[in-house]
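Each chain sits in its own coordinate frame; assemble them with the hints.
Listed below are the residues making up each chain.
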Amino acid sequence: MSISISYAECSARERLNRLVDPATFHEWLPPAQRVMSPHLAQLGVPCAFDDGVVIGRANLAGEPVFVAAQEGAFMGGGVGEVHGAKLVGWMRRALRDRPAAVLLLAESGGVRLHEANAGLIAVSEVMRALLDVRAAGIPVIVLIGGANGCFGGMGIVARCADHVVMSDSGRLAMSGPEVIEATHGVEEFDARDRALVWRTTGGKHRYLSGDCDVLIDDDMQAFRAAAIAGLTRASAISLGSLEAEHRLLADRLRNAPEGADAIALWQQFGVADAAQVPDLDAAAVRALRVV
Amino acid sequence: MQWQVLTGQLFGAAHDVKADGDFLHGTAQLDGAAITVVGSTNHAPVGVAMALQQARVVLDTLALHPGRAILLLVDTQGQQLRRRDELLGINRAMAHLGCCVDLARRQGHRVIGLVYDQALSGGFITSGLIADACYALPEAEIRVMRIPAMARVTKISEARLADLSRDNPVFAPGVQNYVAMGGVRAVWTGDLQDCLRQALRDAPREDERAHDGALRGGRRLAQAVAERVLAA
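Keeping their order, the protein sequence lines are chains A and B. Using the numbering used here, the letters of the first sequence correspond one by one to residues 1 to 291. Using the numbering used here, the letters of the second sequence correspond one by one to residues 1001 to 1232.
Careful, some of the hints might be misleading.
DMTMM-like mimics (lysine to aspartate or glutamate), calculated; alpha carbons at most 20 Å apart, straight line [unchecked claim]:
| no. | chain 1 | residue 1 | chain 2 | residue 2 |
| --- | --- | --- | --- | --- |
| 1 | B | Lys1155 | A | Glu181 |
| 2 | B | Lys1018 | B | Asp1060 |
| 3 | B | Lys1155 | A | Glu178 |
Worth flagging that the hints you see were computed from the coordinates, not collected in a lab.
Chain B with its partners taken away, still in its complex shape (with noise of 0.2 Å):
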């Protein structure tokens, strides 16, 4: 869904989200709740430059509207795979931008993660993944890599992975195993701005996904194994 659409359908016209390049910010009114927009577009690259720009977008939401909430618009090939980027630090700019992600939530501010359109894996991490609960389209693609490449990386063959992806949740791309896993909340479907409404309320503040991934029987190992850690 184009991000113009998804802001109407969000709030209406009570929203001032602009792009900027590929880079989403802005402000929106909900039942008469400031609530700051953030992400990117045009399935973005995540490089040192972009997870500054939307590092600063929370930090300014930290320092002058504490409590205010804050939804993250997802929409990333991944992460900036360039040399400059290594050189400059990428790891740590992202880990920055998870970090105040992370002090936001825990200074009280709901953060929702919205995969509306592409996840890919590093965009991925300090984004949706580290609010207090993603959600997604259900059109939007979520994966780590794309299969010919991760045939190359695994020497497993393409048509192995295919077969796999079928029906194994860990390595087919898609919102559904995500979902199955844990690592995506809900789909959202029908009244998005109703969505959102549930999700402010509903979010839960500390990580469930691996209760949530036993649950839903797609990631059946790592809530127990934790237990286990904790009862040795």
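The following block holds chain A by itself, in its conformation from the complex (with noise of 0.2 Å):
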């Protein structure tokens, strides 16, 4: 028997090797090639030599596919020109390479606030180049099981994705609570509260609410088998998907209970033992999905 090996506490490179089969994995723009960000110099901020993200293919389960994975120890996983323009390259080079499946290790605060604009226009290339890889029948996979979550523009783009893996220690959201604190006071949103923060955007939630498509441990080879189950799971948009999608989100809204009580909307969605819900394993919350 193996020993569990903790995703969220691997760097971005030790997921990419672990996720797919071994000794398959090349890397695109490595660090000997040194492609960094000419804004950090500039604020007198440390770079790094990939700017925090890995992209390259490799073999899953012996099909090829292309794999992408955010460093979050590097500035959260933030967004900046370079880090952007290497995804973007990644995917238009998946459309013409035509792999099984694209696949990427998400883990960001969203946009790098150290190249604010630049970051925020990336972000939107990076969302607009995945929807063309969907458009062209190539399925896309998200996972998520980092420190730092997938936040801000990254947490849109995760949602563009055909399917979105989640651990129950991975946090899934737009705004950090931290952000959510400082704008409207801590009677909001307390960040400190670890509890209530996994209630509003971690996985266990996300599952419930149906926001992730698969919840694992924190394990590096449920990461595997689940990325393995993904490659089977395109889905084209629609005008019908977007119909369903739309009565999902527009149905979720209108019979929410008042405030934002995670609990009581477990409840809500039918959830059996809602209030126990927090305590439990992944394989446990599994079980009780109803929507």
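Below you can see the structure in the form of structure tokens.
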């Protein structure tokens, strides 16, 4: 029996190497090429030789796939000009080379504020490139389980994918709790209340509300198995699929209880023993989904 | 510019655009063709409800009026910063809006974004920035975050950021910087109706923003790096 390895504790490169078939990962624009941010140096902020994102190709269960991973330890995975351009080029290459799937290991606070304007446009370019890949019939799978979560523009990008995999320690949302607290006060969102933060943005909540497709433990093998299962989950965007999505979101908004209490919302979804959810493991939560 | 003045300059009396709260929607006529108009006013925050209202208009246009052009009027303070919106999946609702606009483009609808007042951050990614092309009025304000907040998050002093934003388009708010970086295709001045007419005719269907950013000197690396990935 192999020892469980935490996905959250691995670096971006370690995640990629453990996710795909052994010794099949080939990186494009690796650190040795030093494709770096021109803007950080100007601010006197340390740079990374890969600008915080690793891109390349590999095999997954024998299938040729494109893989990319954002490095949360560098600027929280924030998207700057070069970081975003690497992802855009990687997806344009997918349109040309037609891999079986495109897998993005997202870990990001969203736009890298140090490159604010360029980062915002870059995130928008990533979103459009991702939708081009989907429109070409190549499934896009997003995996979320890093300590920094998947926020801001990347939280939007993740929800543009065919298939979203999360661990129970992963987070997926728009604004970080600190930003909401800073804007509307600690009564609105206490960013230091970890249980509240995870009830609002964490993997279990996203799974129970259908915002992610798969919920797994924080374990590399579980991520690999979920990635392999995701290879067949292509789903074209059509007027019909968007109408279905619209109904789901409109019903959720209409039926949601007053306030912002996750447990009340799960009860409204029909989850049994909703109050117990925070104490359950991923397998137990998987058995509860009704949405 | 007030939206009523703007729609008047764009369409004269040939429109029924109205505001339901901060939500703008309606239909206008230009050169004998109908245009769907959708957007927001009063620097509206974009929450789940606003994203769904706008998506509904786009979906109805797709279903009932194939090919009809869509004009997105942008005036937003960014995403709604509330815990309830996060709980209800604001990122999913905004992605849904973006996917609706994207499908409209793919099905041949011309989609034009116009920042007529203020555009911030998340509220902009799924509106103007996902159109075929985004334009702005000269007095519009586009930014990711205000300098004091940016200083808090980045731990770089306000004075230093203010200094940088004078000559560095990467930081400075303002329309001209977004033009230099390719995020805004052009600033509309003079006859706005003619600007719209020209945009509907000329807006690119592919994403040319990195190319424009390199050409205009505001974003020198994005296009080159993407090309290097393709050549690697």
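Each hint, compared with the structure:
1. Taken as a hint, the Lys1155(B) and Glu181(A) pair is honoured in the structure, with Cα atoms around 18 Å apart against an allowance of 20 Å.
2. Only pairs whose Cα atoms come within 20 Å are accepted, and Lys1018(B) paired with Asp1060(B) is accepted, the gap being roughly 17 Å.
3. With a C-alpha separation of about 15 Å, the suggested pairing of Lys1155(B) with Glu178(A) holds against the 20 Å cut-off.
Every hint, counting from the list given before, is met by this structure.
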